[in-house]
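**Student:** Please arrange chains X and V on chain B, whose structure you already have, making use of the hints.
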Amino acid sequence: MKIRLREPTIAFLFLLPAFIGVIVFYYYQIVQTGIYSLHNLQHTADWQTQPFVWFKNYATVFRSTYFWQSLRFTVYFTFMATVLELAVGLGMAMATFWVSRWLGGILRAIIIMPWVIPPIINAMIWRWLFHADVGLFGYILVSLGLVDKPPLFLTEPMLAVHSVIFADVWKNSSIMAIFLLGGLAAIPADIYDAAKVDGARSWFRFRKVTLPMLLPTILVALLFRGIDALRTFDLIYGLTGGGPGTVTETLSSFAYKYYFTYGKFGLGSAYAIVVFAIIVGLAAVYLSRIRRNMRFKE
Amino acid sequence: MAGVRVEGLLKKFGNVTALDHVSLEFEDGQLTVLVGPSGCGKTTLLRIIAGLEDATGGSVFIGHEAVNQVPPWERNIAMVFQSYALYPHMTVFDNIAFPLRARKISKAEVKQRVEQTAALLGLSELLQRKPRQLSGGQMQRVALGRAIVRKPEVFLMDEPLSNLDAKLRVEMRAELKRLQKDLGVTTIYVTHDQAEAMTMADKLVVMRGGVIQQMGEPEEVYSHPRNTFVGGFIGSPAMNFIRCSVDCAEAELHAPDFQCKAPSRFVEALRRRGKDSVILGVRPEDLKVLASFEEGAVPATVYISEPMGKEMLLTVEVGGALAKAITPTNVRPRIGETVWLTFDEACVHLFDSETDEALPTE
Amino acid sequence: MSAKLSHRYRTQYTYLMQTVVTILIAVFCLTPMFYILSTSLKPRGAEYMIPLELWPSKPTLQAYRAVLGIVEEAELASESKGSMVLPADQARIVKSLSFVTPLRNSLIVSSAVAAFSLLISSLSAYAIARLRFRYKIQSLIFLQLGAMIPIAVTIAPTFMLMRSLGLLRTLLAMIIPNIFYNVPMSTWLIACYFAELPFDLEDAAKVDGYKPIQIFWKVIIPLAAPGLFSAGVFAFLGSWGEFMLASAVSMGIPAVQTVPAAMLNFSVQFRYEWTWISAAIILSVALVAFMTLVFQRWVIRGLTAGAVKY
Numbered sequence: 001m002k003i004r005l006r007e008p009t010i011a012f013l014f015l016l017p018a019f020i021g022v023i024v025f026y027y028y029q030i031v032q033t034g035i036y037s038l039h040n041l042q043h044t045a046d047w048q049t050q051p052f053v054w055f056k057n058y059a060t061v062f063r064s065t066y067f068w069q070s071l072r073f074t075v076y077f078t079f080m081a082t083v084l085e086l087a088v089g090l091g092m093a094m095a096t097f098w099v100s101r102w103l104g105g106i107l108r109a110i111i112i113m114p115w116v117i118p119p120i121i122n123a124m125i126w127r128w129l130f131h132a133d134v135g136l137f138g139y140i141l142v143s144l145g146l147v148d149k150p151p152l153f154l155t156e157p158m159l160a161v162h163s164v165i166f167a168d169v170w171k172n173s174s175i176m177a178i179f180l181l182g183g184l185a186a187i188p189a190d191i192y193d194a195a196k197v198d199g200a201r202s203w204f205r206f207r208k209v210t211l212p213m214l215l216p217t218i219l220v221a222l223l224f225r226g227i228d229a230l231r232t233f234d235l236i237y238g239l240t241g242g243g244p245g246t247v248t249e250t251l252s253s254f255a256y257k258y259y260f261t262y263g264k265f266g267l268g269s270a271y272a273i274v275v276f277a278i279i280v281g282l283a284a285v286y287l288s289r290i291r292r293n294m295r296f297k298e
Numbered sequence: 299m300a301g302v303r304v305e306g307l308l309k310k311f312g313n314v315t316a317l318d319h320v321s322l323e324f325e326d327g328q329l330t331v332l333v334g335p336s337g338c339g340k341t342t343l344l345r346i347i348a349g350l351e352d353a354t355g356g357s358v359f360i361g362h363e364a365v366n367q368v369p370p371w372e373r374n375i376a377m378v379f380q381s382y383a384l385y386p387h388m389t390v391f392d393n394i395a396f397p398l399r400a401r402k403i404s405k406a407e408v409k410q411r412v413e414q415t416a417a418l419l420g421l422s423e424l425l426q427r428k429p430r431q432l433s434g435g436q437m438q439r440v441a442l443g444r445a446i447v448r449k450p451e452v453f454l455m456d457e458p459l460s461n462l463d464a465k466l467r468v469e470m471r472a473e474l475k476r477l478q479k480d481l482g483v484t485t486i487y488v489t490h491d492q493a494e495a496m497t498m499a500d501k502l503v504v505m506r507g508g509v510i511q512q513m514g515e516p517e518e519v520y521s522h523p524r525n526t527f528v529g530g531f532i533g534s535p536a537m538n539f540i541r542c543s544v545d546c547a548e549a550e551l552h553a554p555d556f557q558c559k560a561p562s563r564f565v566e567a568l569r570r571r572g573k574d575s576v577i578l579g580v581r582p583e584d585l586k587v588l589a590s591f592e593e594g595a596v597p598a599t600v601y602i603s604e605p606m607g608k609e610m611l612l613t614v615e616v617g618g619a620l621a622k623a624i625t626p627t628n629v630r631p632r633i634g635e636t637v638w639l640t641f642d643e644a645c646v647h648l649f650d651s652e653t654d655e656a657l658p659t660e
Numbered sequence: 661m662s663a664k665l666s667h668r669y670r671t672q673y674t675y676l677m678q679t680v681v682t683i684l685i686a687v688f689c690l691t692p693m694f695y696i697l698s699t700s701l702k703p704r705g706a707e708y709m710i711p712l713e714l715w716p717s718k719p720t721l722q723a724y725r726a727v728l729g730i731v732e733e734a735e736l737a738s739e740s741k742g743s744m745v746l747p748a749d750q751a752r753i754v755k756s757l758s759f760v761t762p763l764r765n766s767l768i769v770s771s772a773v774a775a776f777s778l779l780i781s782s783l784s785a786y787a788i789a790r791l792r793f794r795y796k797i798q799s800l801i802f803l804q805l806g807a808m809i810p811i812a813v814t815i816a817p818t819f820m821l822m823r824s825l826g827l828l829r830t831l832l833a834m835i836i837p838n839i840f841y842n843v844p845m846s847t848w849l850i851a852c853y854f855a856e857l858p859f860d861l862e863d864a865a866k867v868d869g870y871k872p873i874q875i876f877w878k879v880i881i882p883l884a885a886p887g888l889f890s891a892g893v894f895a896f897l898g899s900w901g902e903f904m905l906a907s908a909v910s911m912g913i914p915a916v917q918t919v920p921a922a923m924l925n926f927s928v929q930f931r932y933e934w935t936w937i938s939a940a941i942i943l944s945v946a947l948v949a950f951m952t953l954v955f956q957r958w959v960i961r962g963l964t965a966g967a968v969k970y
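Chains as they are written, first to last, in the numbering used here: chain B, 1 to 298; chain X, 299 to 660; chain V, 661 to 970.
Be aware that one or more of the hints could be misleading.
One-sided and incomplete, this derived list gives chain X residues near chain B with beta-carbon spacing under 8 Å [as the list claims (entries may be wrong)]:
id, residue
1, Leu350
2, Trp371
3, Ile375
4, Ala376
5, Phe379
6, Tyr385
7, His387
8, Pro397
9, Gly514
10, Pro516
Listed below are the simulated DSBU-like cross-link pairs for lysine-lysine, each with C-alpha atoms no more than 35 Å apart in a straight line [as the list claims (entries may be wrong)]:
id, chain 1, residue 1, chain 2, residue 2
11, X, Lys449, B, Lys208
12, X, Lys449, X, Lys465
13, X, Lys449, X, Lys405
14, X, Lys310, B, Lys208
15, X, Lys310, X, Lys428
16, V, Lys755, B, Lys257
17, X, Lys608, X, Lys559
18, V, Lys718, B, Lys149
19, X, Lys428, X, Lys402
20, X, Lys465, X, Lys475
21, B, Lys208, X, Lys409
22, B, Lys56, B, Lys264
23, X, Lys559, X, Lys573
24, B, Lys208, X, Lys405
25, V, Lys755, V, Lys718
26, X, Lys608, B, Lys208
27, V, Lys796, X, Lys428
28, X, Lys501, X, Lys479
29, B, Lys208, X, Lys402
30, B, Lys208, X, Lys428
31, B, Lys208, X, Lys559
These are computed hints drawn from the structure, not numbers from a lab. Every residue gets a Cβ at the ideal spot worked out from N, C-alpha and C, and that includes glycine.
Next up, chain B with everything else stripped away, as it sits in the complex:
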């Protein structure tokens, strides 16, 4: 017998594996986390056997000064990192676009390098460069005569906060630059030529033509990075471990600590759900932006 499949049926079958996986590993897990967060759940136990505590975990979370502190840090970190990455990334992208063809090729290869480095390894790298006694960074500052002795990059609270941001900016300006480079390349060369002939000098061209035409890309890149920065975990875990004290603890790293250090899955889940709620907001904006780029067969 010959079975003839209609196109929507084929589409459904093609989508099925992806859907099942995403449901099992994302959506189902969210529901599970939600359930955990309503239980007084310990590491090794099944949630069915544990006491149902309504919103007690959330009450604990919202009453805790640690939560508010880490929320503040997470937001500050996300804001600073994203904005600085945009600035650095835009600079690198413009430079790559401006220099001659072969220098541009070299720059592309160089710029992509920090992005390749896994976050946890990035954390290791900066732990060494920010070393309190023999870190390259402190050493350079001392040699330049800017300070008497190496600053305590990772143990002085204010310094630690900004060291973490710096390490993130170093790695992720890359991806920002690559996005923006794509955006720049998508602007037709004729437009620049037209602007030159129309009498626009370089700064005027940048402000009135390049930047506005790049704006959609900038927005998407900011959202993309913002969502990623909000859930930062590896960098914190590897670089400062949330310290000094809990100054550089993000919501994600707190959640992880509750799970696997204190074994409090219920409380950790409450943290996780808060992270999720914040991200869903940003994700909605992001998805509505990239939706405009979709040009698929209808």
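**Tutor:** Chains X and V in isolation, oriented as in the chain B frame:
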């Protein structure tokens, strides 16, 4: 207003020579068309005049000023691009206003001049639209508006009509020419379409391989092509070429299938030259097709006939080569039939068979 | 002003500025890795010597030998005077933490993840980009929204799930979830690529007598190879660096740790041995850095595909 002059322009991309010591004068207020096949260097020449490309050697003058060192934004020129290059994030108004704003012209004047330009081009209703909401013809007008709004000394147009559909292109051709005459601005117009070039040009410059082949008024270039390339490129369908041997004593030309008298104005040149072969060129519109033999007519076999409404394009086989002729539709030969061709000797072109140059006439 | 300068001068000035800018960016991007490389080539203990050497005067591969577990007891003994740990014990620890195993594990995990997520994503991307059905955009959003969920949120139940499947302390516990962590992004990248192929292709193939499944395998997939490739590199890199899940499900067992988890373990165990840690870093990054360099053009194109269309 100012003329444009280029002297000994040389442009190399790596080891490809795009322009080979080109010298040209574009007269004040005239519309000069640069025409040639793609890759002939016409667009490169235009971009060098605009300042978008640096010349490898030679100089460019706008008016009496050498502008080699002047960046495009300080040259008083306007350019229309093939892709129109409208700023997609700006409204029609802002697009047209852009060149004025780049020069820090007062708000009131910008508004007044943009509205005036828009009225001239029939864009007044569209000022608040974005480019993507416009049709091809409308985008074309906005690009023109952006060029004329600032009253430049020179217009540069790079195939401005080639993205329009055929009907609109013919309309815009006339309109553009009229606009240029009204404004009286020196215009350099690049196209690969010889019909567009013929109809629009005050002066025609035919280029190939970075070298100017011929320059002159369109009628002049059409009736006296300087070499086989120009003869073949200007005029559509292209000129027919047949290689003939020369009988100097009798002043006769011998093609494989026929022979004819050499036109008297060439006799002297043929004799002086003394070579035994020559290329005979006749335009399809100068070939007469007869159904029966007449004195001096050449036999030919019909290969294919293409009716084009008021006339017919006939491809025939003469002496092993194909030739095209335009005939009135009252002659309707069938494929494989024999027809007879004649031509007026006044319409004959002769070219040197080695150099492809036209032979001098008396 | 520049217009008034002579042409040659202006050109030379531009070249100079371009070179300076390139060097500045190179210094910013490469200094940290360069210094790690330099540290990894120093003899044990030399990394603490002041003044710091930007490049070791006597480069040695000692640290690499230690990290790969081919270190001799005697070698440790001569250098670890005053250490609380006996040389024999230390040699045993070093051997047990050899980076060979994590590198091999990571290679297995990342290759498997790249292959399977490509397979699954190319199917779903084909449906979204080229098949006619309702709820097309909704399907894509459904997948993408999933990818926005942080692993920190899903880690606890995923851990429990893996435990109930008995997969803890196995590579499968990393491979399976990581496949689906990469599916949404890969689907998006590949779908953008598929969408750029002319739609007449399928119609032509249908007229030529092919069935939809055949069209997918014989026409679309070969044509979209560069797009698939960049999605594959992306998935490979993503799972290569994935840390949270890997460290949770490997539960500190060196035999099943991937590079990121082993890295942390290693840096805790030998927290003062920065020549070793540096060598481990270099080993962890070398492969993916090389891969990205070779396929740089495709990676960049893939990354920007979805973000920058007008």
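**Student:** Need the list of violated hint numbers for this structure, in ascending order.
**Tutor:** 9, 10, 15, 26, 31
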